[in-house]
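Novice: So the chains spell out like this:
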Amino acid sequence: MEPEDNAAGPVIGDEEIHANGRDESDSQRHRPIISGEQLDIEAYAALYTGRTKTTRLLFIADKCGAPSMELEALRMAYDEIKKGEDTQLFREVVGKINGRLGPNYGLDDAWADAVDRRAESRKDKLENELNAYRTNLIKESIRMGYNDFGDFFYAHGRLGEAFKNYVRTRDYCTTSKHIIHMCLNAILVSIEMGQFTHVTSYVGKAEQAVDGLDPVTIAKLRCAAGLSHLEGKKYKLAARKFLEVGPELGNNYTEIIAPQDVATYGTLCALASFDRSELKSKVIDNTNFRNFLELVPEIRELINDFYTSHYASCLEYLGNLKTNLLLDIHLHDHVETLYEQIRNKALIQYTLPFVSVDLNMMANAFNTSVTGLEKELEALITNDQIQARIDSHNKILYARHADQRNGTFQRALQTGNEFDRELRAMLLRANLIKHDYNLKAPRKY
Amino acid sequence: MNLSMSSVESLVAQIHGLSSNIGELTQLRNYLKQCDDLLRTESTRLAPLLTELDPSVHSLGYLYILEACTSAPISKDQANKLVLSVARFINVCAAEQIRLAPEKFISICKRLMLQVMLLEDPMRGVAPLLTSIRKLQSSTEQLTTLHPDFMLLCLLSKCYKIGLSVLEDDIFEVDLPRDLFLYCYYGGMICIGQKQFRKALELLHNVVTAPMPIISAIAVEAYKKYILVSLIHLGQQFATSFPKYTSSAAQRNLKNFSQSYLELVNSYSTGKVSEVEKCVEIYKDTFGSDNNLGLVKQVVSSMYKRNIQRLTQTYLTLSLQDIANTVQLNSPKEAEMHVLQMIQEGDIYATINQKDGMVRFLEDPEQYKTCEMIERLDFSIQRIMRLSKKLTTMNEVMSCDPSYLGKVGKERQRFDYDDFYTVPSKFTI
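Those sequence lines, one after another, are chains A and B. Taking the working numbering, the leading residue of the first sequence gets 991, the next gets one more, and so forth. Taking the working numbering, the leading residue of the second sequence gets 8, the next gets one more, and so forth.
To be clear, the hints were calculated from the coordinates, so they are not data collected in a lab. In this text the structure is predicted, and so the values were computed from the model without any measurement. In this text, a Cβ means the ideal position worked out from N, Cα and C, and glycines have one as well. Just to be clear, a hint being listed does not mean it is correct.
Pulled from the structure, derived: some chain A residues nowhere near chain B, Cβ distances all over 10 Å [as the list claims (entries may be wrong)]:
no., residue
1, Glu1234
2, Gly1240
3, His1320
4, His1383
5, Leu1403
6, Ala1415
In the DMTMM-like style, the derived pairs of lysine to aspartate or glutamate whose C-alpha atoms are separated by at most 25 Å in a straight line are [said to hold, decoys possible]:
no., chain 1, residue 1, chain 2, residue 2
7, B, Lys251, A, Glu1364
8, A, Lys1424, B, Asp329
9, A, Lys1272, A, Glu1221
10, A, Lys1154, A, Glu1221
11, B, Lys340, A, Glu1412
12, B, Lys396, A, Glu1412
13, B, Lys304, B, Glu284
14, A, Lys1073, A, Glu1151
15, B, Lys397, A, Glu1408
So the derived list for chain A, only partly shown, Cβ under 10 Å to chain B, looks like this [stated by the list, open to error]:
no., residue
16, Ala1109
17, Arg1112
18, Lys1115
19, Glu1306
20, Ala1378
21, Ile1386
22, Asn1407
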């Protein structure tokens, strides 16, 4: 990694001005391939299994805006659903396809009815079994019965009932393994339903059953916790959770999250919320996390660029990734906020080491115009995130540190005045109350 | 019953005889009280008596007779004479004597004020009332019933400086709450007139947050002005919620009467001058009927000031064109005028470079290193120490107050664990 360029002292002559984050060897630096091209839906879908695969494909179809991609995603969703037993989702997808993919992808009523009939009979069978177990009062069997019910409902897309049944197994759990099993199921359904408060509570429950936890489960739980923090917009906590996920996760949790996602979510949240030292210690030097980062080389480059102050290329990577990130079901609502926070951090970090900064050079470094940059800096200064002032005439940013001594005097005098005022008002009010009281109650002494 | 010459003479004799020391004066006062009705019935014939008495020595007697004289209704040409005689009396009377009969003194001062207003020459009443306040007060911390009248006269005659000098005194003792409200309201208006917004805010704040079982029209009007002055002085930091010590009646009801003002606050918080001006247009009639249009105009111009002040936090130099754009003024020339005015009034520190059309914002040059600053600090410290001492004394006095102890005594435990005897549950003296 190249060392940072630092200019000490004010801007004097041309030879003394240093460009922050760029040097002459830049052009020869090997730039890795940026995956800004259109998302390869098949490759993406291959990362996931189970219901989330379908949901993600449907999400992509909704949001992508390009008809070819949309049809591709819908086609794959159709195929996937046909392998399962969710007729409700099936009808939905057929409605979306609207006949555009030809006769093979139309409403296959025969299949749907067959599945429904099978479902009915299976449901009756399960109910009978469960009743039998309940009368026998065998805890383990009752637990298995409810579990099967939960699985059944989940496969048929009735998530609310699935959740209820999974939660009912709680009373019949005897070992910690059982509890963890229940919690993982509950977490899965809650994430599908989008109810992340449940996710947090069940992660907590599962983590308390210490003896049943193996590294894979711990990793899974941390992923789930990270997701719920992400949804709750607590980016710092989400980043910490994702960064703690061990490499044991591998491909064991593809029904919710792929390891590439762990890397992406973790890095973006860390970039937006960590300060420099935390970024270095928890992300860059984190050997465990490196395994994840290898899976998404663009993200790895991104973070290195940010740390070494190559802001232009960092922001360029981000811009290229944006379209694909907007298609991700969990990240969709947070992309804008995260990007804004990362950009602000970059701006703040750029100005931090200097006493004065030439706005023209800074605009170049960030690939933006001087007026735009001025507006952004003005917002940051007003929010007290940068301590500086803009010389609009010469287009220079000067660092400005408040004079502590003057500030203290001013505050002391001000506090004295306020105290004076408050005290006098209070004494006056007390006098008024006393007067009132004397009027109201002429006592007998 | 006719007042015979003998009783008149005896009256005068009594006054002459009993005016030397305080013991005799109290005797005289009791005697005069008894003669009060008598004096009242014969008010028209009492004028010649005044010539026999010396107002500076026999102030108490003179006061009674003068008061009886003036109680009758007077025609306009006699008003002038009345004003002169009362004013002369106020100037020379002895303060300790008139303090024995404060109601009489207050009533002749009020009559003076009435006549002065009828004559449409309020300025004639300012000086006499000032003297009367100083003589009636037992200390400068006391508020008398004459204070609000004095303030009113100052307002009407535009003698603001004298009003301000009286406002400098801290008030801690009040006879009637209504006096305080009127005093603070008028005082606030005087301060607004002199552009001393901080003091005005303090006075109006006292009215709004004073303990009152039911709200009065004074409080409502004071609240309206309070909102406007807060906007001018504090800008967007004005909070529409009341502090905890405000009376519940005020908290519930004051806002209902000042809806248009609260709308103005909302439009002010957007930070856009156009919004505020729109709001002013809508409610122009309400503001006009409350006589607050002038203040409202000042609120609008304070908006420009605030926006420019905010610019000083982010920029070192800025072109006049940019200032005009950000603050929504029409041209750089207007921006220059505003900035110039603010520099003159001391609201910002800056220099204007007309050649480049640039304004350079400077830091506050105050370094807090001068002797004056040290003196100011010292003065503040002394003052606060005095106030704290006052607070402690007041606290001690209250903790010895029988009614307070009676109330607290009921709530104490049956057995006091520090001492080994039972504590009476009802504390009686």
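Novice: Work down the list of hints and note, for each, if the structure agrees.
Specialist: Comparing the hints with the structure gives:
1. At the 10 Å boundary, the C-beta of A/Glu1234 stays outside the reach of chain B, the nearest C-beta of that chain being 40 Å off.
2. The beta carbon of A/Gly1240 is kept farther than 10 Å from every beta carbon of chain B, the shortest such distance being approximately 51 Å.
3. Listed as a non-interface residue, A/His1320 keeps its Cβ farther than 10 Å from every Cβ of chain B; the least gap is roughly 36 Å.
4. A cut-off of 10 Å between C-beta atoms contradicts the statement that A/His1383 is not in contact with chain B; the least separation is 4 Å.
5. Look at A/Leu1403: its CB is around 7 Å from the nearest CB on chain B, not clear of 10 Å, so calling it non-interface is violated.
6. Once the 10 Å rule is applied to beta carbons, A/Ala1415 is inconsistent with being away from chain B; the minimum gap is 6 Å.
7. As the CA atoms of B/Lys251 and A/Glu1364 are separated by approximately 43 Å, the hinted pair breaks the 25 Å bound.
8. In summary, the hint linking A/Lys1424 to B/Asp329 is not supported, as the alpha carbons are separated by about 57 Å, beyond the 25 Å threshold.
9. Proposed proximity of A/Lys1272 and A/Glu1221 is supported: the alpha carbons are some 22 Å apart, at most 25 Å.
10. For the suggested pair A/Lys1154 and A/Glu1221, the alpha carbons sit about 23 Å apart, so the restraint of at most 25 Å is met.
11. At most 25 Å may separate the alpha-carbon atoms for a hinted pair to count; B/Lys340 and A/Glu1412 exceed this at roughly 43 Å.
12. Restraint check for B/Lys396 and A/Glu1412: satisfied, since their Cα atoms lie roughly 15 Å apart, inside the 25 Å limit.
13. Distance check on the hinted pair: B/Lys304 and B/Glu284 sit about 9 Å apart at the alpha-carbon level, within 25 Å; holds.
14. The suggested pairing of A/Lys1073 with A/Glu1151 holds, with an alpha-carbon distance near 22 Å, which does not exceed 25 Å.
15. Pair hint B/Lys397 plus A/Glu1408 holds up; C-alpha atoms about 17 Å apart against a cutoff of 25 Å.
16. Annotation: interface hint on A/Ala1109 violated; nearest CB of chain B at approximately 58 Å, more than 10 Å.
17. Using the Cβ-Cβ criterion of 10 Å, the hint placing A/Arg1112 at the interface with chain B is not satisfied: the shortest such distance is roughly 61 Å.
18. Annotation: A/Lys1115 was flagged as interfacial toward chain B, and the flag is violated, the nearest CB pair being 64 Å apart, outside 10 Å.
19. Because the closest C-beta pair between A/Glu1306 and chain B is about 28 Å apart, greater than 10 Å, the hint is violated.
20. Interface hint status for A/Ala1378: upheld, as the beta-carbon distance to the closest one in chain B is roughly 9 Å, under 10 Å.
21. Interface restraint check: A/Ile1386 against chain B, minimum CB-CB distance 8 Å, threshold 10 Å, status holds.
22. Nearest Cβ of chain B to the Cβ of A/Asn1407: about 8 Å, under the 10 Å cut. The hint holds.
The structure fails hints 4, 5, 6, 7, 8, 11, 16, 17, 18, 19 (numbered hints given earlier, in ascending order).
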